[in-house]
Amino acid sequence: MQGKGFIKLIAILLVIACVYQLSFSWKTRRVEKKAAEYAAAVSDVDSIRDEAERFYLDSVQNKPVYNLGFISFTYKEIKEKEINLGLDLKGGMNVMLEVQVEDVLKALAGESASDPAFVEAIARANQAMREGSGNYIGDFARTYREISGGTPLAALFISPDRKDITPNSTDSEVEKILQEETDAAIDASFNILRSRIDHFGVTQPNIQRLPNSHRILVELPGVKEPERVRKLLQGTASLEFWTTYNASELASALNRVDDLLRTMGVEEVSETVETGVPAESEAVVEEAVIAEETTEGTTTDLIAEVQESEVPDSTQMDEALISSRKDHPLFSRLNPMYAGGAVIGAASAADTATVMKYLRMDAVRELLPSDLLLKWDIKGDPKANGMFYLYALKVSTPDGKAPMDGGVVVDARETYAERGAEAKVSMSMNAEGIQNWARLTGENVGRAIAIVLDGYVYSAPVVRQKIEGGSSEISGNFTIQEAKDLANVLKSGKVPAPARIIQDTVVGPSLGQESINAGMFSFLIAFILVLLYMGLYYKTAGWMADLALLFNVFLLFGVLVSFGAVLTLPGIAGIVLTMGMAVDANVIIYERIKEELRGGKGLSLAIKEGFSKAYSAIIDGNLTTIITGIILFVFGNGPVQGFATTLIIGILTSLFSSIFITRLLIEAIVNKWGKMSFSCKWSQNLLAHPNIDFLGKRKISYIVTLALVVLSCISFAVRGLNMGAEFTGGRAYVVRFDQPVQAEDVRAKLETAFSGYEDAANVSFEVKQYGNENQMRIVTQYKYDDTSDGATAEVDRILYDALKPLYSYDITFDNFRNTQNDVNGILTADMIGPSIANDMTWGAIWSVLFSLIAIGLYIALRFKKWQMATSATVSLAFNALLVIGIFSMFYGLLPFNLEINQAFIAAILTIIGYSINDTVVVFDRIREYMHLYPKRNLRETVDGALNSTLSRTLNTSGTTLVTLLAIFFFGGETIRGFIFALALGVIIGTLSTLFIATPVAYSLMKRKKSE
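Just so you know, we're using UniProt numbering here: the sequence shown kicks off at 1 and counts up by one.
Among the hints, erroneous ones may be present.
Pairwise CB distance ranges, derived in the manner of DEER restraints [to be verified]:
| no. | residue 1 | residue 2 | range |
| --- | --- | --- | --- |
| 1 | M361 | D814 | 28 to 34 Å |
| 2 | E227 | E473 | 40 to 46 Å |
| 3 | A854 | F716 | 21 to 27 Å |
| 4 | T170 | D785 | 33 to 39 Å |
| 5 | G720 | R797 | 26 to 32 Å |
| 6 | G720 | Q179 | 38 to 44 Å |
| 7 | L932 | A668 | 27 to 33 Å |
| 8 | I16 | R797 | 55 to 61 Å |
| 9 | G69 | E794 | 57 to 63 Å |
| 10 | E173 | D371 | 45 to 51 Å |
| 11 | S72 | S426 | 38 to 44 Å |
| 12 | R256 | Q481 | 54 to 60 Å |
| 13 | R797 | Q179 | 39 to 45 Å |
Below are the BS3-like pairs computed for lysine-lysine, each with C-alpha atoms no more than 30 Å apart in a straight line [said to hold, decoys possible]:
| no. | residue 1 | residue 2 |
| --- | --- | --- |
| 14 | K484 | K466 |
| 15 | K326 | K379 |
| 16 | K33 | K106 |
| 17 | K27 | K76 |
| 18 | K539 | K699 |
| 19 | K681 | K749 |
| 20 | K357 | K379 |
| 21 | K326 | K357 |
| 22 | K63 | K357 |
| 23 | K27 | K8 |
| 24 | K539 | K681 |
| 25 | K379 | K401 |
| 26 | K176 | K424 |
| 27 | K81 | K33 |
| 28 | K379 | K484 |
Hints are computed from structural coordinates only; laboratory data are not their basis.
Given the structure is predicted, the values throughout are model-derived calculations rather than measurements.
C-beta: ideal position from N, C-alpha, C; glycine also.
Starting from the given sequences, assemble the full structure and let the hints guide the process.
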């Protein structure tokens, strides 16, 4: 093999890179284990131990805990680099939000929103959106022109506050501006959501704006309060401008507060964080809860007094804390060294709640100005060791509200200084804002004006002079990203449409842990079975393939971590499936080598020829599977994208391992011992010379195929499909009982409960056993078009009232609907609105069609025969149709879920990719035979190709099927239907290659030849 040294170098570098990436997960576990050990040494009381563990982790947030000699990492940094677990493994909440463009247009239109033509155009645009259109603005503009008889769009949106739309603006210009305003509204909503999530105390949150849509996806692992999340994410943004105190004006008062707290002895009693609503602001509630939950930030300088060890001695730390906090209860938590301007001090995340508790005490409030309002900054400042600044705002209005709100902001954008790279933010206001801003800045020259969003200070620029005209420039050594963020904050004040939740899924931690256990066990079983299969069938060469497979799995995990991919349960299934497919390349190579050896060639030459002749089939087969993986990634979301990611990366790592690593190992053994076994005695001549007349049976296969298609179509018409809530809209629950229950009993209770609601008379719902006998999956379409918290709470209450008698004890409503409990009640709750359900339906249809078209085009270009492309496409369509048909015929009859959901669509696309892999190998051999034996009879050539690749076909299908069966039986209920579809696809795909794709290609080529 040429370039052997280079391949070895690449392999060594990949191993080093993977060890480096995976080491962060190992180190994170070590630090968290030591935090637990420290907490256990502090107290046996759960609440105190949890607080101590949080305190320990907070103390090392910005402290180096992982030293590699040339670089060191803090706990916060290694936490960000560890393996990310998806919600289905960790538990948590997945939320899809959508900005309502209708509300954006109504806000921009103002009084014109009551125009009948405008109202009708909005209604039709909404209908087009529900039917799958992705161009709301274009649909609205086109419909408005039709209804109004060609009235210019500019007439609707002219406003004294807007200078970009004039009576002379063309419709295309107005459309462009409307699209820009919509994008700005989505960006502003995204910024608001991101800042709220950053303060929610969730480690490794994921928030992303979905391309080519008005949607934002939010994933919150480990979240404990779904209702609070829904309220927080859907709340209208509150942008305010506040006048401030100078820190020097409050210095003496804060000293008196510190003395008072010391006299009161507040540090001598155990503290609990108050979460009641304070008199001055509801936002303080969020501050207290956030400080209690978050692990962001660092502790105060007290940590410097503690010994520099990875596990602080609990006694020494407690003594240091007690001594300092007894003497200075306030200043030991709120560091006055950072005071200046409107900032009165800085505190670690762990201390913010206690600081606010102290400053809300009645005795303390008497020492502070009555018009003082305290607000934390939005994020910890790295210059202050990650601590949070506390700003002193001044209430200057009789009603206690901010003197100005964000509604007056017309525009804001980041700008750049003429010299240097300093970023600034420019802001313009409407007529009302111009007047108030001039007054406000004129009265506060030399003081800061705080820009507050959702109760947090984003910036507090100092006023240098009175600003007239409403145009302002804010500077402050901003980075480009910080300037963009502040501009988005300022624009959020005019966001006319808050994001609305259209789908959310809540997964409890107990089901997540069960999924981890089941997934890992199935992974282990499948891995062992594949290793044994290869070793026992191909002997020494098989064991070398096993070593390459081990390297492949290690490489795959390392690459996943380096890309920041999220590991989900379908992702684990993708890894296991990749293992089954990984040996396909080795099987193709080994079967080729065995053919060369049977042809009388020497070992070294046979190995060289075997690898060389196998490359085209391997590359073609894997490229077609990658095509389906890419389509999966583009059209899927969440778990489906996780599956696609692991599938694509797994194919790439498998190619490297199978082609290069395996060859290095084989050649090393041959060079050292001069021999190598590629089969055992029992498998040496197995299927070596089959002589099956596949083409002679093609008429029978055509009849069977047609019969199966007809049966599937009849089933579609009579039984239909068991469409999941993802495609119909609705709510799906997994409920656990404390004892075994019967699905019929659960269904009867629900029928009785729903019959009491007038608008639920014709609502369908479904009940199925889900895993163990004490778990049921309940799907209801009751109020599927209402995604509000009120409707969700109503459905939860109906379920509770109906199912409560099935428990052996008196379960409370709160415990029943708390997805974070680890015992009984709702384990997962999934809500999908009709809008996203419609999009999923079309997305599924387009993804399957695009994959068929893309693969057909690839086959046509690669093999230069339209007959092969046509037959392959027909065969793939049959595979997909038959799997869907079986799901239609047997749902409700088999003891596991056969629901049509996103995972099922992922399975169909994977089947298409896998089946074409098999077909490509046969087509590749046909092409080779036609080149080597141009005068041979076409039928003999095709039959010969089928027979010569039969051993490879059955071996690859066998290893893949073994892995899928391991997942099916041991991987848990959550993916059983998904795996069943894949297993069906493997069996059907293998048979269709032999009896449909190749015979159809032969028939078409024969007809052309006869013409």
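Hint check results:
1. M361 <-> D814: 28 to 34 Å: 31 Å, holds
2. E227 <-> E473: 40 to 46 Å: Holds, at about 42 Å.
3. A854 <-> F716: 21 to 27 Å: At 25 Å between Cβs, range holds.
4. T170 <-> D785: 33 to 39 Å: 38 Å, holds
5. G720 <-> R797: 26 to 32 Å: About 31 Å separates the Cβ atoms of G720 and R797, which means 26 to 32 Å holds.
6. G720 <-> Q179: 38 to 44 Å: At roughly 39 Å between Cβ atoms, Q179 and G720 fall inside 38 to 44 Å, so the hint holds.
7. L932 <-> A668: 27 to 33 Å: 32 Å, holds
8. I16 <-> R797: 55 to 61 Å: The hint (55 to 61 Å, Cβ to Cβ) holds, given that I16 and R797 are roughly 57 Å apart.
9. G69 <-> E794: 57 to 63 Å: Distance hint for G69, E794 holds at roughly 60 Å.
10. E173 <-> D371: 45 to 51 Å: With Cβ atoms ~48 Å apart, the hint holds.
11. S72 <-> S426: 38 to 44 Å: 40 Å, holds
12. R256 <-> Q481: 54 to 60 Å: 41 Å, violated
13. R797 <-> Q179: 39 to 45 Å: Roughly 42 Å apart at Cβ, these two residues keep to the hinted range, so it holds.
14. K484 <-> K466: 25 Å, holds
15. K326 <-> K379: 28 Å, holds
16. K33 <-> K106: Not satisfied, since the Cα-Cα distance of roughly 54 Å exceeds 30 Å.
17. K27 <-> K76: 12 Å, holds
18. K539 <-> K699: Measuring from Cα to Cα gives roughly 40 Å; hence the hint is violated.
19. K681 <-> K749: Given that 30 Å is the threshold and the Cα spacing comes to 62 Å, the pair is violated.
20. K357 <-> K379: Holds, at about 20 Å.
21. K326 <-> K357: The given pair, whose Cα atoms are some 16 Å apart, holds under the 30 Å limit.
22. K63 <-> K357: Given pair K63, K357 holds - Cα atoms ~27 Å apart, limit 30 Å.
23. K27 <-> K8: Satisfied, since the Cα-Cα distance of roughly 28 Å is no more than 30 Å.
24. K539 <-> K681: 9 Å, holds
25. K379 <-> K401: 24 Å, holds
26. K176 <-> K424: Within the cut-off at roughly 26 Å; holds.
27. K81 <-> K33: 17 Å, holds
28. K379 <-> K484: Holds. K379 to K484 sits at ~16 Å (cutoff 30 Å).
The structure shown violates the earlier hints numbered 12, 16, 18, 19.
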